[in-house]
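Chains as they are written, first to last, in the working numbering: chain A, 5 to 321; chain B, -7 to 336; chain C, 71 to 635.
No lab work stands behind these hints: they were computed from the structure. Mixed in with the good hints, there may be bad ones.
Unchecked claim - Keeping only pairs whose Cα atoms sit at most 20 Å apart, straight-line, the calculated SDA-like set for lysine to any residue is:
(1) B:K191 - C:W300
(2) C:K590 - C:D606
(3) C:K299 - C:K522
(4) C:K522 - C:S505
(5) A:K39 - B:R138
(6) C:K395 - C:D462
(7) C:K590 - C:I432
(8) B:K191 - C:N611
(9) B:K32 - C:T135
(10) B:K255 - B:I153
(11) B:K84 - B:I118
(12) C:K618 - C:P317
(13) B:K176 - C:N611
(14) B:K32 - C:L260
(15) A:K36 - A:I238
(16) B:K32 - C:Y228
(17) B:K191 - C:S302
(18) A:K39 - B:I153
(19) B:K84 - B:Q51
(20) B:K191 - C:Q578
(21) B:K191 - C:A287
Given the structure is predicted, the values throughout are model-derived calculations rather than measurements.
One letter stands for each residue in the lines below.
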Amino acid sequence: METSAPIIEKPVIAEIEKPPLLLSQLVFLRFKRHKMAVAGVIVLILMVLYSIGGTFFKSEAFSLVTDTSIRLNAPSSIHPFGTDAVGRDILARTIYGGQISLMIGMIAMILEVIVGVLIGALAGYYGGILDSLLMRFTEAMLNIPQIPLLLVLGKLLADKIQPIVLLGREFSGSVIVIIAVIGLTSWMGLARIVRANFLSLREQEFVTAARCTGTNNLSIIFDHILPNTMAPIIVSATLSVANAIISEAYVSFLGVGVMPPTATWGNMLNGAYNYIETAPWLWIFPGSLIVLTVLSINFIGDGLRDALDPRALTQAE
Amino acid sequence: MARYIIRRLLQAIPLLIIISITIFALLQNSGDPLATMGGKRVTRSEDRVRLARILGLDQPIYIQYVYWLVGNDWVKLDINQDGIFETTGQRKGVLRGDFGNSLVARGQSAMELIKERIPNTLVLMIPAEIIILTFSLLVGIFSALRQYSLTDQVITAGSFIGYSMPIFFVALASMYIFGVNFRKWGLPYLPTVGMFDPKIGKTFSQVAVHMVLPIISMSLVSISGYSRFVRSQMLEVISQDYIRTAYAKGLSERMVLFGHALKNAAIPFVTLVGIDIPFLLGGAVVTETIFGWPGMGRLFIDHLTRFDTPVVMGILMLISLAVVICQLLTDIVYGWLDPRIRYT
Amino acid sequence: MLNKKRFFDLFVLVIIASFVLTACGGGGGATKAPTEAPPTAAPTEAPTDAPTQPAADKIITIAWTQEPDTLNKAYSSMWYMSVLTDIYSCWPWIYDEANTVHPFLLTELPTVSDDGLVVTMKLRNDITWSDGTPITADDFIFTQAMITNAANTVYSVYPYDLFTITAPDPQTVVMTFDEVFVPWMPNLWLGTLMPKHILQPVFDAEGTLDNAEWNRAPTVGCGPFNFTKWESGSYLRFDRNPNFWGPEPKLDAVVFQFVPDDAAQTAACLAGDADICYWPPYEDMPAFKKAGMSIVTEPSGYGEGWFFNIRDMASPGIRDLNVRKAIAMGLDRQSNTALRMSIVKVTETFWDALPQYVDPSIVQYKYDPEAAKTLLESSGYKDTNGDGIREDKDGKPLTITQGNTDKTERQNHQALAQQQMLAIGIDLQTSSYDSAILFADYSNDGPAATGKLDIMEWSDAPYFPDPDISYWLCSEIPSADSPQGSNYFGCDETLDKLFKLQSVTANQTERAHIFWQISKYMHDNVLYLGIWDDPDTWIVNPRITGYKFSGVTPFFNIGDWDVTQ
């Protein structure tokens, strides 16, 4: 007997069964929509390439070479960014200065995040006396105005740390001091946010479930709850890099930053202070680099915040 | 509510003590106020010995701290180093309101110096803060309502640039443009430094004119930062369901904004402002230094660089006290603004 | 209807806002906030100064980067305070623009007895305080008593504790020294004269002068100008003294405005907000020239230099005379003056500002890197491992530590020096410190006091115009027992003997010859290397006339200054 089977439309089933997007892919797609944030990523990558790649074109020794006969020369073909008050090539100095500024930003951020998350997580999860103590400590740190604290700490630790050698470069002790000082004075906001999130998340069922199955506390904190509060941490971390770079410039102006002849974008600005009108290339280049870097980081942070925020309204795109 | 307030105030006391000990230890260990005492050359050794003894700087740190806290009029000191402790101290200590005498401007008490400078700082910071708040709200709200439009992108870019610029550059650049160059070019110009022209005196118009450049420099940076915050808060609030309901009920945009959205968006903003207000007392260190404004910020940095512990401690403790009080006030206002918050 | 409602809302808002603003304004007096301050509004507010002032008021404004800590000279060591005493106080003798001394309160220069122990001063009989009370020997006796009294925490008792003072008659003051003290003239009565009739009652009542109002408001003075007002943080004002015993000053008032920031000070002078600026950064000199301002330099004894440390804890390299000589030849001091626009000259000894005390046979160390390298090679410092830095006989690298304060110009100089030392194979490790940290005493771990730095750089002068200085005395070496000492450089027996000798040699020629020996010894042993000369630099607006500056008493002829309107 002849029967004719109905034709099943495969494409329909295939569409319905397309697997849902992963969270990271979703975030990535949302991030891409934020044009300024994407631009920020590109610029930041360029900055990093500039600081690291530049070392292949200009050696560090070259960035230290002084020559008073060519001091304060305007940009030319030999010195594309001009020369500074002692005749050093500004282009080379911005390369090596960039390494330090970016390094200060990154490491200060890591320090901040570690301290902030630890304190916030422990306070939020355990509660009780530990919470009170940690929060009072956080408040105490918040109460002390940051700039005076930076100044006092900077002066105090000024000459106590020895230079270290890393990856063939010698970093003066003041770099470590700045990183420590900036990192240890900016974690408070993050700690409070993390604590608030932990306070609410620890009442959720998945935590109860984890406890039931016998997971120990530390594992609950770091493997279960923490991944759910990544959004504000990521955003905060991104913005704190920008903050650290600006703080470094500020602190260099007040005289307790990284000491010359080690260059950072911040202390190059400080050195340009007396030449604002007479030799603008001294501050235009490091200044623009700082602004570009900070801008791009801020845009990235903005984009991440929008992308990671589950409640963000998406307008016609 | 009253119990909450009292509890917070009581909790603040150990906080203040810890802060004072920390800063005191840091200051005493950082530098030697007797090294040059502001002069061009190094202090002679006999004078260093004598001054250290008289000013009490040769005592161990914890004793110096105790004297700072509770004074030394209950002990006898040996001023002329003859081994006999016969002179009573003259300090009453912080707990009785005496912050000690300045090590730098000897003959003046730290309180006197601070009191002289506070009005100058308030005169500068209060108008600045009002301008900053107003414009941050305006710009932030405007930007939020037109999210992702061209205006928004421009404002965003502008804010980020303003936020990223170091303030000392803005300050000095504006001084050169409006003070030096405008005058050179024959345009109406602004004065460069100071709170007023000493030849004319501290009149209202003088102070107002001299206030313009410092306020502009400070505002540019702060407005950029705050407006971003306001914008993001507004965005969050606008996307809430109750706003959509309000629109659905037929309320006009203005009613929805000012009646509902703003009040809720304002809460974290109030927190931020509350944190900022006590630092009004600290003045803006960099702005005041560059513009020569005789305020607390300059007092702080001038005396910090000469390691004048009494004055620096006085300023920092005042700021800390103000922070504690303002945080408490903020939490109370917070509770009033958002009825969902209850304090036990 | 909607428009009316909107208008009404706005109206209410404005009323409320104005209430709020006036309430805020009540606390601070002039705090009625200008609610609009966008840049476009600003230029229309033309300032209300100069044009509306009566042309007759002759007031000059001087920009001052450091605010004095007190107005009683005995209590302060600040230069920015002590030079003001020319204006409202009086010195028995003054120094003119050539740094020559002239009697001021005296009828003639003081006479010294043959044994050098007794100094007699004869006061004029027409000198009075600004309230009419005559200035007599009593004021001098009172001043010395106050300074040496332990109840007053003056900055320094030196050298008022070295003599006893008597007054045979009201116009004569006799100072009897216990030992010959040669440098008495530039160290005594430098604006420290205190009015007995004002301060004696204060001292009797309070037991100390520390909190006297006169210290901060010296309304009774004896100079051409009187103290009028000191607004903390803003300005100091002195008005003409109508009772001045000398010729009437031409100006009506002198105002010192405190501008702590260097660049802002320059802007103020360029804009005309200030008439005189002191010691601006050298980079601003071209701008001042272009603006038509006069630049006046006046030697004040100060010179920037490198002080070498030869104490036990210094590195073995710096203690080797050959290394020090090599350093002197390896530093290109002449081209380094480019940091000061090549306006200043290179100095050689500590006493270059007082040439009569420098041995004329001293020859400047010329910049000769080849000779430096040869010297190092022949002294056993060879670069054995090819890293560019020489090693000594034990294989240790030739590392020299150098430190100075964190002034930008010095940091720039460090960068230059580091490269120049590298060129001859020396590793110069530089650090910069806040000055209160650099000069902290031994018990506070000051890097200079504890001997951590092989080379120290700062600007200093002898007790100009006297060549005396106590830095190299062996008794001044800081240690745990005497942490306050100021000899950071080391004890050299020969030098110690010479310095002790000069302070008791009254004969000028003999004393000069002792300094010749000192300067030659220090030069040959490279214990001090001059970097450049550090004169006072004054920027003066061309509308001011009649001014002269001295290196010791800058405002000595402030009475003759005038303005052209």
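Non-conforming hints, listed in increasing numerical order: 2, 3, 10, 11 and 20
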